[in-house]
Amino acid sequence: LRALTPGGDIVWVSGRGELGGSLDDPANGDFNHPTNIIFDETGTQIIVAAWHNSKVRRIDIATGAVIDSCGDGKRAYFGDDGPGADASLDLPTSIALDPAGNLVIVDQANQVFRRLDKDGTIHLMAGQCLLDAPAPAGPGPCAEGVEPTRCPAGPDGRPSGKFTCGDPATYCGEKCMPGYGGDGGPATEMRMNQPFGQAATPAGRIAYDAAGNLYFVDTGNNLIRMIDTDGIVHRVAGKPPVDGAPQSGYSGDGGPALDALLNYPVDIALGDDGTIYFTDVNNHCVRAVAPDGTISTVAGVCGMKGYSGDGGPAAEALLNLPFGISLSDGVLYIADTGNCVIRSVVLE
1098 LRALTPGGDI VWVSGRGELG GSLDDPANGD FNHPTNIIFD ETGTQIIVAA WHNSKVRRID
1158 IATGAVIDSC GDGKRAYFGD DGPGADASLD LPTSIALDPA GNLVIVDQAN QVFRRLDKDG
1218 TIHLMAGQCL LDAPAPAGPG PCAEGVEPTR CPAGPDGRPS GKFTCGDPAT YCGEKCMPGY
1278 GGDGGPATEM RMNQPFGQAA TPAGRIAYDA AGNLYFVDTG NNLIRMIDTD GIVHRVAGKP
1338 PVDGAPQSGY SGDGGPALDA LLNYPVDIAL GDDGTIYFTD VNNHCVRAVA PDGTISTVAG
1398 VCGMKGYSGD GGPAAEALLN LPFGISLSDG VLYIADTGNC VIRSVVLE
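In the working numbering, the protein residues as written are 1098 to 1445.
Note that these hints are calculated values from the structure, not bench results.
In this text, a Cβ means the ideal position worked out from N, Cα and C, and glycines have one as well.
Treat each hint with caution, since some may be false.
[What the hints assert, rightly or not] Dumping the calculated SDA-like pairs for lysine to any residue here, alpha-carbon to alpha-carbon at most 20 Å:
id : residue 1 : residue 2
1  : Lys1171   : Asp1306
2  : Lys1272   : Arg1172
3  : Lys1171   : Thr1285
4  : Lys1402   : Lys1336
5  : Lys1272   : Pro1252
6  : Lys1402   : Thr1434
7  : Lys1272   : Lys1215
8  : Lys1336   : Ala1308
9  : Lys1272   : Gly1242
10 : Lys1336   : Ala1387
11 : Lys1272   : Leu1221
12 : Lys1215   : Val1201
13 : Lys1272   : Arg1255
14 : Lys1171   : Gly1251
15 : Lys1336   : Leu1358
16 : Lys1336   : Gly1390
17 : Lys1402   : Asp1356
18 : Lys1402   : Phe1420
19 : Lys1171   : Ile1107
20 : Lys1171   : Thr1139
21 : Lys1215   : Thr1139
22 : Lys1171   : Gly1105
23 : Lys1215   : Asp1137
24 : Lys1336   : Gly1351
25 : Lys1215   : Asp1165
26 : Lys1171   : Phe1293
[To be verified] Now the in silico label distances, taken between C-beta atoms and shown as ranges:
id : residue 1 : residue 2 : range
27 : Asp1389   : Glu1241   : 34 to 42 Å
28 : Asp1214   : Gly1104   : 33 to 41 Å
29 : Asp1264   : Val1443   : 56 to 64 Å
30 : Glu1241   : Asp1183   : 24 to 32 Å
Given only the sequences and the hints, what does the whole structure look like? Please build it.
In structure tokens, the structure reads:
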């Protein structure tokens, strides 16, 4: 992990520049693809989604000490309603603090959001880990008349978070399958589509607005969705899958975001005025949904990749696979990943 100082210097924060997971040095630690960082409520710790460690870690800013906060490092799904330190995660990709100060974790390959309470207990918050086997029409619900069965608990008695449509003895070792469903209903019954294979990239970022609504990127379904304070799911941008197949492309600027096409959205940031900014990665641009639901492009020329435009209008610049964004004091910072640079846009 590195930091950019106000003076423009890049400084080391934590990690030894090697893939790993060791905490043998009390003042440091190894990481395997750290993908998201936030500060805790006190500003004294950095919370890290250590993606391929399948852990969430904390760094004490004063001492540099790294501790494991959640996850046992095994790519699995066990431990809901028990100690977070003993739970199993599978590629935790994004983290955020809810209005009460609890930590929400996007458990990417498990296709769920989990909540780590302040007392260290972990719970299922949204989504389902359903093993669609046999899958009647690809990822989706079980066949008509078939109720999903919870997979067996682990050897230590920790409950599994996986459910299968087929024989548990045959299918419970499989990965959670992506899907789509649940808009207009409870978040615990929704399905989402987050990349989960060996070649998967970090995806599915989350952000809370001032009212306590949780916005999230349903990357594989090419959607922006939201869980309101009553726990109900809503689609915010992008067209829903048709017959189980996600719709992707580029269209819709100037019109309703619900009618637009997106192509692998990943990160999200929320403006104080209610504007939703997100990276449309495979379209090589950053787009926004206004409070009235209209979608537009903020940076990049959607559908074109490259590098150009510094010092000029953001909408005429070229980006290359912009995976990350962050908004601070009216400035939108963009991780122009394919170009290996950080760029910024001063918003009007």
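Structure-based check of each hint:
A hinted pair counts as satisfied when its Cα atoms are at most 20 Å apart, and lysine 1171 with aspartate 1306 does not qualify at roughly 32 Å. Proximity of lysine 1272 to arginine 1172 is assessed by CA-CA distance (about 10 Å); at most 20 Å being required, the pair is judged to hold. Among the hinted pairs, lysine 1171 with threonine 1285 is inconsistent with the structure: their alpha-carbon atoms are about 24 Å apart, more than 20 Å. Using a Cα cut-off of 20 Å, the hinted pair lysine 1402 and lysine 1336 is violated, with the two alpha carbons roughly 23 Å apart.
Straight-line distance between C-alpha atoms of lysine 1272 and proline 1252 comes to about 19 Å, which keeps the hinted pair within the 20 Å bound. Straight-line distance between C-alpha atoms of lysine 1402 and threonine 1434 comes to about 11 Å, which keeps the hinted pair within the 20 Å bound. A hinted pair counts as satisfied when its Cα atoms are at most 20 Å apart, and lysine 1272 with lysine 1215 does not qualify at roughly 29 Å. A C-alpha spacing of about 25 Å is found between lysine 1336 and alanine 1308, which places the hinted pair above 20 Å, so the restraint is violated.
For a cut-off of 20 Å, the pair hint linking lysine 1272 to glycine 1242 is broken: about 23 Å separates their Cα positions. At roughly 17 Å between alpha-carbon atoms, lysine 1336 and alanine 1387 fall within 20 Å of each other, so this suggested pair holds. A C-alpha spacing of about 17 Å is found between lysine 1272 and leucine 1221, which places the hinted pair at or below 20 Å, so the restraint holds. Between lysine 1215 and valine 1201, the direct Cα distance comes to roughly 11 Å. Compliance with the 20 Å bound is thereby established for this hinted pair.
This hinted pair checks out: lysine 1272 and arginine 1255 have alpha carbons roughly 18 Å apart, not beyond 20 Å. The straight-line distance between the Cα atoms of lysine 1171 and glycine 1251 is roughly 12 Å, inside the 20 Å bound, and the hint therefore holds. The hinted pair formed by lysine 1336 and leucine 1358 meets the criterion: a straight-line CA distance of about 6 Å does not exceed 20 Å. Only pairs whose Cα atoms come within 20 Å are accepted, and lysine 1336 paired with glycine 1390 is accepted, the gap being roughly 14 Å.
In summary, the hint linking lysine 1402 to aspartate 1356 is not supported, as the alpha carbons are separated by about 24 Å, beyond the 20 Å threshold. For the proposed pair lysine 1402 and phenylalanine 1420, the alpha carbon gap of about 13 Å is at most 20 Å, so the pair holds. Taking the CA atoms of lysine 1171 and isoleucine 1107, the gap is about 33 Å. The hint is violated against a cut of 20 Å. Distance restraint check for lysine 1171 and threonine 1139: the Cα-Cα separation of roughly 30 Å exceeds the 20 Å cut-off, and the hinted pair is therefore not satisfied.
Between lysine 1215 and threonine 1139 the alpha-carbon distance is near 13 Å, which keeps this suggested pair within the 20 Å criterion. In summary, the hint linking lysine 1171 to glycine 1105 is not supported, as the alpha carbons are separated by about 38 Å, beyond the 20 Å threshold. Distance restraint check for lysine 1215 and aspartate 1137: the Cα-Cα separation of roughly 11 Å lies within the 20 Å cut-off, and the hinted pair is therefore satisfied. Pair hint lysine 1336 plus glycine 1351 holds up; C-alpha atoms about 15 Å apart against a cutoff of 20 Å.
Of the pairs offered as hints, the one joining lysine 1215 and aspartate 1165 holds, with about 15 Å between alpha carbons and a cut-off of 20 Å not exceeded. Proposed proximity of lysine 1171 and phenylalanine 1293 is supported: the alpha carbons are some 15 Å apart, at most 20 Å. Taken as a hint, the range 34 to 42 Å holds for the pair aspartate 1389 and glutamate 1241, whose Cβ atoms sit roughly 40 Å apart. Here the CB-CB span from aspartate 1214 to glycine 1104 is close to 39 Å, well matched to the stated 33 to 41 Å.
For the pair aspartate 1264 and valine 1443, the supplied restraint of 56 to 64 Å holds, since their beta-carbon distance comes to about 58 Å. Take glutamate 1241 and aspartate 1183: their Cβ atoms lie about 37 Å apart, and the range 24 to 32 Å is violated.
Taken one by one, the earlier hints fail for this structure at numbers 1, 3, 4, 7, 8, 9, 17, 19, 20, 22 and 30, listed in ascending order.
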